[in-house]
Amino acid sequence: MRPGDFARGAVMRLRRVTGDRRHRRRLAELGFVPGASLSVLGRGMHGGLVLALGDGRVAVDALTAATLVVEPADE
Amino acid sequence: MSERPITKGPVAKGPVAKGPVAKALLTKPCCDDDVPGGVNAGDPRVALVGNPNVGKSTLFNMLTGARQRIGNWPGKTVSVAQGTWRSPNGEITLIDLPGTYSLVPGSPDEALTRDLLVDRGMGGRPDLVVITVDAANLARNLYLLAQVMETGVPLVVALTMVDIAESRGIRVDAGRLSELIGAPVVPLVPRRGEGVAEFDRVVARALAAPRRPALPVLGEDMEAALASITAEVPAETAVRYPARWLSIALLTGEDVPGVPEETAAAARAAGAALSGGEPAGDDEPDDPELLVAEQRYAWVHEVIAEVVTRRGAGRATWSDRVDRVLTSRWSGPPIFLAVMWAVFALTTKAAAPLMAGFQGLVDGPVSTGAGRLLDALGAGGAIRGLVLNGLIAGVGQVLSFVPLMAIMFVLLSVLEDSGYLARAAFVVDRLMRVIGLPGRAFLPLIVGFGCNVPALAGTRILSDRRHRLLTGLLIPFVTCSARLTVYVLVATAFFGSAAGTVVFAMYVLSIALVIGMGLLLRGTLFRGMAEEPLVLDLPPYRLPAVRVIGAQSWVKLQAFLKTASGIIVATVTLVWLLSSIPFGGQGSFGRTPIEHSVFGAASHAVAPAFAPSGFGDWHASAALITGFVAKEAVVSTMAQTYSMGEPADGHQPGGLGGALRATIEQTSHGHPVPAVLAFLVFLLAYTPCMTTVAAQRVEIGGRLTLFGIGMQLTLAWLLAVAVFRVGSLFL
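Going down the list, the protein sequences come from chains A and B.
So the first sequence is numbered by full-length UniProt numbering: it starts at 1 and just counts up by one.
So the second sequence is numbered by full-length UniProt numbering: it starts at 1 and just counts up by one.
Quick caveat, the hints were computed from the structure, so don't treat them as lab data.
Every residue gets a Cβ at the ideal spot worked out from N, C-alpha and C, and that includes glycine.
Be careful, since some hints might not be right.
Sample of chain B residues lacking proximity to chain A, with all beta carbon distances greater than 10 Å (derived) [what the hints assert, rightly or not]: (1) 138; (2) 254; (3) 290; (4) 427; (5) 536; (6) 547; (7) 578.
Just a sample of chain A residues kept apart from chain B, beta carbon distances all over 10 Å, derived [as the list claims (entries may be wrong)]: (8) 3; (9) 6; (10) 13; (11) 29; (12) 36; (13) 52; (14) 58; (15) 61.
If the Cβ cut is set under 7 Å, some of the chain A residues that face chain B in the computed set are [what the hints assert, rightly or not]: (16) 2; (17) 4; (18) 31; (19) 33; (20) 50; (21) 55; (22) 56; (23) 57; (24) 60; (25) 64.
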C-alpha cells in the first residue's frame with residue numbers, strides 16, 4: 001500500500017522505500033527508514049501529500065509518495 | 001535577557017556516560033583518535049552546524065550582530081557566513097556552515113561541511129562545533145548529531161525550538177541527553193536571546209578543555225565490521241581522518257585518499273556481507289550506506305526513548321490545522337497567489353513613494369547643496385558636472401533602490417521565518433518543474449515583474465546553487481515595471497487604442513521567454529541538473545521575530561550596497577562623461593549637443609546593427625544604450641535626442657511619439673508596425689539595467705553575469721530581426 005491509499009489521520013508504518021539508491025539514501029537520512037511511523041495530514045495538488053513523520057512534518061510530491069511502501073500501524 | 005532553564009533537568013556540564021542504558025548506547029571513545037590539544041592560532045574558530053530551519057542562522061546573527069561577512073569558502077563555490085562573536089570570554093570566529101540533514105555529501109554545501117569536520121589536512125578546521133538541535137523534531141536532528149559525533153570533533157549542542165516543543169507537549173531532558181552523547185547540551189531560544197549567558201560559559205569551557213563526544217553504537221554486527229576495518233587502516237591515513245568516520249566511509253564504499261586498494265576492497269566486502277540479501281522487486285539491492293542510516297536511526301530512537309517525555313501525544317497541532325488550509329489542493333493555490341500578489345504590490349507600490357523620496361532628496365537638497373559648495377570652492381564646469389551629474393546622480397540611483405531592496409529582504413525573511421515559504425514551494429512545485437526549477441523559484445520570478453533587482457536577491461531562498469544560477473539567468477527576461485513606461489509611450493504613439501493589447505502581449509512574451517530560455521538552458525548549460533523529487537521539511541509556523549528579521553535584512557542590504565553601488569555610480573558617471581565630451585569639433589566639454597558628443601557618435605556607430613530589425617537610427621540606439629543603465633532613462637534620452645520635453649505621462653506622448661513615429665517610418669522603409677514591435681521586443685529581452693547587472697554579479701558571479709548579458713543581447717537582436725522580417729511580410 002502507499003500513503004495516498006490511507007485516510008487523513010490514519011497511522012501507518014513504513015515497510016520500505018523503492019527507487020534508486022540516491023533517492024532511498026536521501027529519504028533514509030530524513031527518517032524514512034523501515035518501521036518509521038507515518039500519517040497523512042493533508043493532500044495537495046497533483047497527488048502531493050503532507051505527512052507526519054514522527055514529530056516532523058514533510059511534504060512530498062506524488063512521485064515520492066509512490067515510492068513509500070507502507071502498512072497500517074496495527075498490523 | 002532571561003536565563004531561566006527551559007527544559008527539565010540541568011544544563012549538562014560534561015561528557016560523562018552513566019547508567020546501564022548509556023552503556024548500551026555508547027562505545028568508549030577510541031584511543032587512536034586524538035583530540036585537538038588546543039585552539040588554532042589567533043581567535044578560536046567555532047563552526048555552526050545543523051539542519052535547515054532550526055535556528056542556526058538566527059543564533060549566528062544574534063551572536064555576531066553586524067560583525068559578519070558572507071563569501072565563498074576558499075577554493076570552493078559554497079557561500080559561507082563568518083563573523084566575530086564577542087563573547088564575555090574573548091573573541092571567537094564563528095562560521096555559519098550551510099544547513100544540512102547529513103554529512104554524506106549530496107551537494108557542494110554538504111561536502112564543505114563534511115570535509116571541514118573530517119579532513120584534518122584541510123585549512124580552517126574549527127576548534128569546536130556547535131550543533132543546533134531542534135527539540136520539536138529531535139529524531140532528524142539527532143541523526144546529524146550522530147554523524148558529527150562520529151567525526152570526534154569536540155562539540156556543544158544548542159538545543160533550539162524548546163518553546164515550540166513545549167507547546168506540543170514534548171519535553172527534552174537536556175541533562176540526560178548530555179550524558180548519553182558525551183557533550184554539553186544548552187537549551188536556548190535564539191529568537192528571544194534566552195539561554196545565551198549559559199551558552200557563553202559552556203562554549204568557553206569546551207574551548208578551554210576540548211573533549212571528544214561519545215560514539216553512537218551501530219549494532220553488534222556493524223560494530224564488529226567497523227573494528228576490523230579500523231585495524232587495517234594505515235596509521236598516516238588515520239592521522240588525517242577520524243578513525244570512526246574513516247571506517248564507516250570505507251564500509252559504505254567511499255573513496256578515501258591514502259587508503260590502499262586492498263584495505264578499501266576488504267571494507268567494501270564487509271559492507272556487502274552486512275547488507276547481503278535479495279533486493280525487493282525491481283529495486284537496486286540494499287547497500288551498506290542505507291544500513292548505516294537505519295542503524296543510526298535505531299540509536300536515535302533509543303536516545304529519544306531516554307530523554308523525551310510527552311503529554312497529549314498524537315494530537316494535531318495548530319500548525320497542522322493551518323497546513324490543512326494553506327497546503328490544500330483547493331485553498332492552497334488561491335492563498336499562494338494572494339501572498340505573491342501582496343509581495344509584488346509591496347515591493348512596487350509601497351516602495352514607490354520611498355524611492356521617489358530618496359531620489360528627490362538627492363536631486364533636490366543634496367544636489368543644490370553640493371552645487372553651492374562647488375560654487376564656493378570655485379569648481380569649474382567639468383568638476384561641477386562630474387560631481388553633480390555623475391557621482392551624485394549615481395549615488396541617487398543607488399539610494400533610490402534602498403527602500404525597494406529593504407522591503408524585499410524584510411518580506412523574504414518574514415516568509416521564511418514564518419514557515420510559509422516551504423508551504424508555498426509545495427503548492428507551486430509541479431508548475432515550476434516544467435523548467436526544471438523547484439517551487440520556491442516562483443517567488444523571485446514573480447517579484448521580477450515589479451523589479452528584477454530584489455528578484456535576484458530573492459534567489460537566495462533556493463538552497464541548490466544551480467537552481468539559484470538558472471533562476472538568476474532567467475530573471476532579466478521577466479519584464480519589470482520600468483520597461484512598462486517605455487511600452488506605454490511607444491505603443492500609444494503607434495497603436496492608439498490598441499496599445500493595451502500590445503503591452504499585454506509584451507507580458508505574455510516575457511513569460512514565454514522565461515519558459516523557453518529555461519527549457520533551453522536546462523537542456524544545455526544546466527543539462528546535468530538532477531530533477532530532485534520533492535521531499536520538503538515543513539518547519540512549524542511561527543510569528544516572525546522583529547529583531548531577527550531586522551538583523552537578517554540589514555546584513556543583506558549592506559552586502560547589496562557594498563557590491564552594487566560601485567558598478568552603478570561608475571556607469572552613470574561614464575554615460576555623463578561620454579555625453580559631455582564633444583566629438584567632431586562642435587562645442588566644448590559639457591556644452592555640446594548630445595548628437596555631437598562621444599555618446600552621440602557611439603549611438604550613430606551602433607545604429608546600423610539595428611538596421612536589420614527596422615530601427616537602425618541613432619535616436620533609437622541612444623535610448624537603448626541609456627536603457628542599459630536604467631530603463632527609466634529611455635524616455636528621457638529620447639526626449640533629449642529629439643530636443644523635446646519629456647511627456648508628462650506615457651499616455652500623452654505628444655510630439656515625442658510623433659517624432660519617433662517619423663523616424664521609424666523612415667528606417668523601416670514603410671513597415672513601421674513590425675519595426676516598432678521589433679523595438680519593443682528588443683527592449684524586453686536585452687539587459688534590464690545596470691543595477692540588475694550589479695545584483696546578478698552579487699548572486700551568480702561575474703562570469704555568469706557576463707554570459708547572461710551576452711545571451712540577452714543575442715536573443716534580443718535575433719528576436720527583433722525575426723519580428724521585423726516576418727512582420728514585414730504581412731504588415
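Here is what the structure says about each hint:
no.	hint	result
1	138	violated, 7 Å
2	254	holds, 12 Å
3	290	violated, 5 Å
4	427	violated, 6 Å
5	536	violated, 4 Å
6	547	holds, 26 Å
7	578	holds, 53 Å
8	3	holds, 13 Å
9	6	holds, 16 Å
10	13	holds, 13 Å
11	29	violated, 4 Å
12	36	violated, 8 Å
13	52	violated, 8 Å
14	58	violated, 6 Å
15	61	violated, 4 Å
16	2	violated, 14 Å
17	4	violated, 12 Å
18	31	holds, 5 Å
19	33	holds, 5 Å
20	50	holds, 5 Å
21	55	holds, 5 Å
22	56	holds, 4 Å
23	57	holds, 4 Å
24	60	holds, 5 Å
25	64	holds, 4 Å
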